[in-house]
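Please build the complex by placing chain B on the supplied structure of chain A, with the hints as guidance.
Protein chains: 2
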Amino acid sequence: MAENVLVVHGGGPTAVINASLYGVIEEARASGKIGCVYGAIGGSEAILKERFLDLMKYPREKLRLLLATPSTAIGSSRYALEADDYKAMVGIFQKHQIKYVLFNGGNGTMDTCGKVYEACKGAGIFVVGIPKTIDNDIAITDHTPGFASAARYMAETTAEVGMDVKGLPIHVCVMEAMGRNAGWITAASALARKKPGDAPHLIYLPERPFHEEEFLEDVKKLYEEKGGVVVVVSEGLKDEEGKPIVPPIFTSGRSVYYGDVSAYLANLVIRKLGVKARSEKPGICGRASVALQSPVDREEAVLAGREALRAAMGGQSGVMVGFIRDEAADSPYRMQIRMIPIKEVMLYERILPEEYINQRGNDVTEAFVKWCRPLIGERTWEYMDFQELYEQENNGANNREDVPE
Amino acid sequence: MAENVLVVHGGGPTAVINASLYGVIEEARASGKIGCVYGAIGGSEAILKERFLDLMKYPREKLRLLLATPSTAIGSSRYALEADDYKAMVGIFQKHQIKYVLFNGGNGTMDTCGKVYEACKGAGIFVVGIPKTIDNDIAITDHTPGFASAARYMAETTAEVGMDVKGLPIHVCVMEAMGRNAGWITAASALARKKPGDAPHLIYLPERPFHEEEFLEDVKKLYEEKGGVVVVVSEGLKDEEGKPIVPPIFTSGRSVYYGDVSAYLANLVIRKLGVKARSEKPGICGRASVALQSPVDREEAVLAGREALRAAMGGQSGVMVGFIRDEAADSPYRMQIRMIPIKEVMLYERILPEEYINQRGNDVTEAFVKWCRPLIGERTWEYMDFQELYEQENNGANNREDVPE
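Residue numbers (this note's numbering), protein chains in the order written: chain A, 20 to 424; chain B, 20 to 424.
Bound conformation, chain A alone (with noise of 0.2 Å):
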């Protein structure tokens, strides 16, 4: 009898989803077991309706394309499924042949996951997870992929807002980062410093409650001192009693929509200091690009679909690939794979630790600056500045003085 595979996105795409999914068909490939790899075709929906694509049969140079594609290659899904769709997957699992269902997503994917393998038990079918979120939010892993793709783009884009904002110094420009719980992606903008003084100059987390005169306060005094400031927002701040500090535009059913807080923010500085601001919100435009790729967590995103095929057929179900980090004192950069149960990833949502932010919560520390260089990998760009050698060259004096717009 065939042994199957079949593999699942849930949903919100990363930068290297599919970079997992290339990993799955490599590792079913040098198995030598697996008659199909298929692709679920529209998420967890797609089961359902038994749409199933067999990714084997392209050839491999083809398939080698999964690592520079954006998004899902098969697609995703935000369906909830009921108690009875978990019932009439094991039949059809069963007529397809499948022996192995690898779910890759989120917190949210990771719960259906463990239904499912909740269903599957006794059925002869193995269910894993593969970690997926840009918002590093998933518990116990140190990290997962997605997440330092989302990372170095925010780290590369700051800097290169940060070069263009020092060129023209007139205004104070406002970025927006995703993750509306966890500040992970908001706190890698810090990566985008060379030396103290550079771009981010303020950045405002999730985690600690937003306040307004402190903001205005911290962009008036770097205004006035560089006339060009860098401020890195996430897009779910909220105030001392937890509200979104942007009310919601809309509500509808379960639904509600908030506006854009870097925009919100622009508006506030523009209307209180009177000085010139813009917001900028590259938005999903960050976790699609792949010229922006970590390379280490491409590699990661696809050793983690490996490890995930390889422990279902090694006859372990209802776990999710972990990333445990060497801890070792000054040792380079490591990561282990370890399976963690699914039942204990669902515990809590992960959010930034105290420890990686500033006393004044309008900053990261070292210590998370630490922990996230290596993920996204070596810093590619030198930037050749003639503004800063021409200050080093004067004493370092700053006699440029403020040009009013």
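Incorrect hints may appear among the rest.
As the list claims (entries may be wrong) - Interface residues of chain B toward chain A, partial, derived using beta-carbon atoms under 10 Å:
1. I36
2. L72
3. A92
4. I111
5. K114
6. P188
7. A296
8. A310
9. L408
10. E410
It should be emphasised that the hints constitute simulated quantities derived from the structure, not laboratory data. Glycine included, each C-beta is placed from N, C-alpha and C at the ideal position.
Chain B only, in chain A's frame:
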């Protein structure tokens, strides 16, 4: 007596303005006749303050970093010069033995360049303009260095966002492009398409009055068909009366601050159609991106720098480097350099001509795509799209039902 060169940057940065600076330095070196190539550190204002740095003294391998340095390495300004300033400049040029003055910028900078040229007449100082603007709104020249990189950014990013939205088709995504009066960058998003039906699904340009009812009608139809819709809009959309569709937030002196068109339209879709919508506004991330520079643009920017100095050294003054495209039918892309009198350049702001906009005003024409294609360089991105392959195998039948969120 030494013959020195001064390069001045004006206005907002582009991804390749430093490539033109590199071209000037390379040409100066090759000529064997130039003492120093000074950079004015901080735009026109820096001339008056004599903030000059000799760039020739840096090793060539360092200078090559200019090709991949975003923003302007010597700084820019929007300082408004007074009549007296032009006279003062002549003395400053003479004091520093500056015989060749090159202004790199857009329409505003070319105006300055023309005035400096008038002031320098008879003083043996030669003044030449290097065009630069992401907006592509400079007259006469076929296009402007800086535009093609902004265009490639918009095309490639729209393709990536298109894959993202297709992978999880649950919302309308409104992307905003820079260019308040001229729709060139917005239009360039069309180059994201590999085949009909690909994102962007709708394009709205500032050259045509924007009608909210038509927009909502177009979006509704596409949303019902696809579930995920990508709309690209110019930041400067105006209504039938020429008024910006987003009212000003704040006015301060000559400056008027508008809210974001993308956020405004996403809100409109949510409120009027009751479907999920979000806005993406990469903004200056787009003009600062080194990873998505167009190789053609970079090469032409270097050339523009070299040709500007060559023209000045050849005794030309009061001219700007222009690109004239070889128009022979079906010939491969080929550009010729022509020096354009600065006075002619100042005649008008170049907007997208009628033949590049479709009748309904919600897309560009094939003629635009044909014009723009060679500028962004080879299409380097190829995606593995199993959703598409699945649909093809299943007779093109789209049996995926819309999933309410």
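Hints and how they fare:
1. I36: 9 Å, holds
2. L72: With a closest approach of 5 Å, the B:L72 hint holds.
3. A92: 5 Å, holds
4. I111: 16 Å, violated
5. K114: 18 Å, violated
6. P188: At 8 Å from the nearest chain A Cβ, B:P188 passes the 10 Å test, so the hint holds.
7. A296: Check passed: Cβ of B:A296 comes within 8 Å of chain A, closer than 10 Å.
8. A310: Nearest chain A Cβ about 4 Å off; hint holds.
9. L408: Since the shortest Cβ distance to chain A is 7 Å, the answer is holds.
10. E410: At 8 Å from the nearest chain A Cβ, B:E410 passes the 10 Å test, so the hint holds.
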